[in-house]
Amino acid sequence: MKTITLGSTGITTPQNAFGALPVQRVDMQTAVEILHRAYDGGMTFFDTARAYSDSEVKIGQAFGPFDGLRDHKGLRDHKYSREKIFIATKTTATTPEKLKEDLETSLCNLRTDYIDIYQLHCVKQCYRPGDGSGLYEALLEAKKQGKIRHIGITAHKIGIAEEIAESGLYETLQFPFSYLATERDLALVETCRKNNMGFIAMKGLSGGLLTNARACMAFMLQYDVLPIWGIQKMTELEQWLAFMQNPPEMTEELSAIIKKDRDELLGDFCRGCGYCMPCSVGITINQCARMSQMIRRAPSKDWLTPHWQEEMLKIEKCVNCGACLKRCPYELNIPILLQKNLFDYKEILSGKIKV
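Reminder that position 248 of the sequence shown reads as 248 in the numbering used here, one-by-one numbering, no gaps.
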């Protein structure tokens, strides 16, 4: 597995990194075992966020200073050293006061005195010095204090990401990137490369719609990007670690898989991020708005259970309040997506459409 250097940060790491959002869904011991195995397998870059409930705490338990009293359950080992890894975390703060509060919480949770890359999370604008928010100035202050080493930012909207990439203000950009990328997405990667800005690729599986790991990795390896794979199971981790010794090359077979998926999926589709939630009438939007794709790309019986039939019928209760429209970082017309998916789902249940 080749290494990649994240722009001007100088951070050099295997081009195969750990996305720690999903470890919030498993217990502490399982999370630590997974994190340790990732380290043992060669991963050195771990991405988390304040918004990911106890994900930071689990990383802190796995890599923080050894403390016999706190770690009496055998969850820590002396060989797992903070200094041997890179940690990126994020804040959704929109004020300097909240940013400072979040940073102190992250440092405590991660059991460290510095963050390698501190990122503004899912921004709605390119924050700049003197823009009145005080956020960029707070980042510079924290960097001067040694609490953060590099300043990063994450975005979901291409226009905002393009502005960030051209600004020269941030050392890294985290943005959705997979083999469903558009021409603008590919141009964004090139802009970051030209401007010596590290590109951290999130949602490499497009929220679970892409299921061929080899194709996903082979695509990533063609670009100057660092993919962070969301991992919550040891079996998932082993799949990515296998590429450390045998990174896949783009073949005619993998190219055909990618072409087929692009033909089926390109356009407006839900990535399942969940930023649209909660729904005022209880619709599980981040699953129901992409049910048509999921039911065709996973064992269909998993999505045709009485539970999911009940969940899909909740779409009929939609009151078009517009809350989800305001929250969606991809600016999708969610009510229309939900109705289309419900119609398709009913056709499948009735047997008119075979899956």
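Everything labelled a hint here was simulated from the structure, so no lab data went into it.
Misleading hints may appear alongside valid ones.
Below, in silico cross-link-like pairs of lysine to any residue (SDA-like), each with a Cα-Cα straight-line distance of 25 Å or less [claimed, not checked]:
id, residue 1, residue 2
1, K233, R214
2, K2, K144
3, K317, E347
4, K147, G168
5, K84, K124
6, K354, A323
7, K157, N195
8, K124, P278
9, K100, V123
10, K301, N212
11, K346, P335
12, K144, K157
Label pairs and their calculated CB-CB ranges [said to hold, decoys possible]:
id, residue 1, residue 2, range
13, E253, T305, 31 to 41 Å
14, D268, E137, 18 to 28 Å
15, P129, N246, 41 to 51 Å
16, Q239, E137, 16 to 26 Å
17, K194, D268, 26 to 36 Å
Just so you know, these numbers come straight off a predicted model, no measurement behind them.
Yeah, the Cβ is synthetic: ideal placement off N, Cα and C, and Gly gets one too.
Here is what the structure says about each hint:
no.: 1; hint: K233 <-> R214; verdict: 18 Å, holds
no.: 2; hint: K2 <-> K144; verdict: 32 Å, violated
no.: 3; hint: K317 <-> E347; verdict: 19 Å, holds
no.: 4; hint: K147 <-> G168; verdict: 21 Å, holds
no.: 5; hint: K84 <-> K124; verdict: 33 Å, violated
no.: 6; hint: K354 <-> A323; verdict: 34 Å, violated
no.: 7; hint: K157 <-> N195; verdict: 19 Å, holds
no.: 8; hint: K124 <-> P278; verdict: 19 Å, holds
no.: 9; hint: K100 <-> V123; verdict: 17 Å, holds
no.: 10; hint: K301 <-> N212; verdict: 20 Å, holds
no.: 11; hint: K346 <-> P335; verdict: 17 Å, holds
no.: 12; hint: K144 <-> K157; verdict: 30 Å, violated
no.: 13; hint: E253 <-> T305: 31 to 41 Å; verdict: 33 Å, holds
no.: 14; hint: D268 <-> E137: 18 to 28 Å; verdict: 37 Å, violated
no.: 15; hint: P129 <-> N246: 41 to 51 Å; verdict: 46 Å, holds
no.: 16; hint: Q239 <-> E137: 16 to 26 Å; verdict: 42 Å, violated
no.: 17; hint: K194 <-> D268: 26 to 36 Å; verdict: 29 Å, holds
Going down the numbered hints, you'll see the structure goes against 2, 5, 6, 12, 14 and 16, while the others check out.
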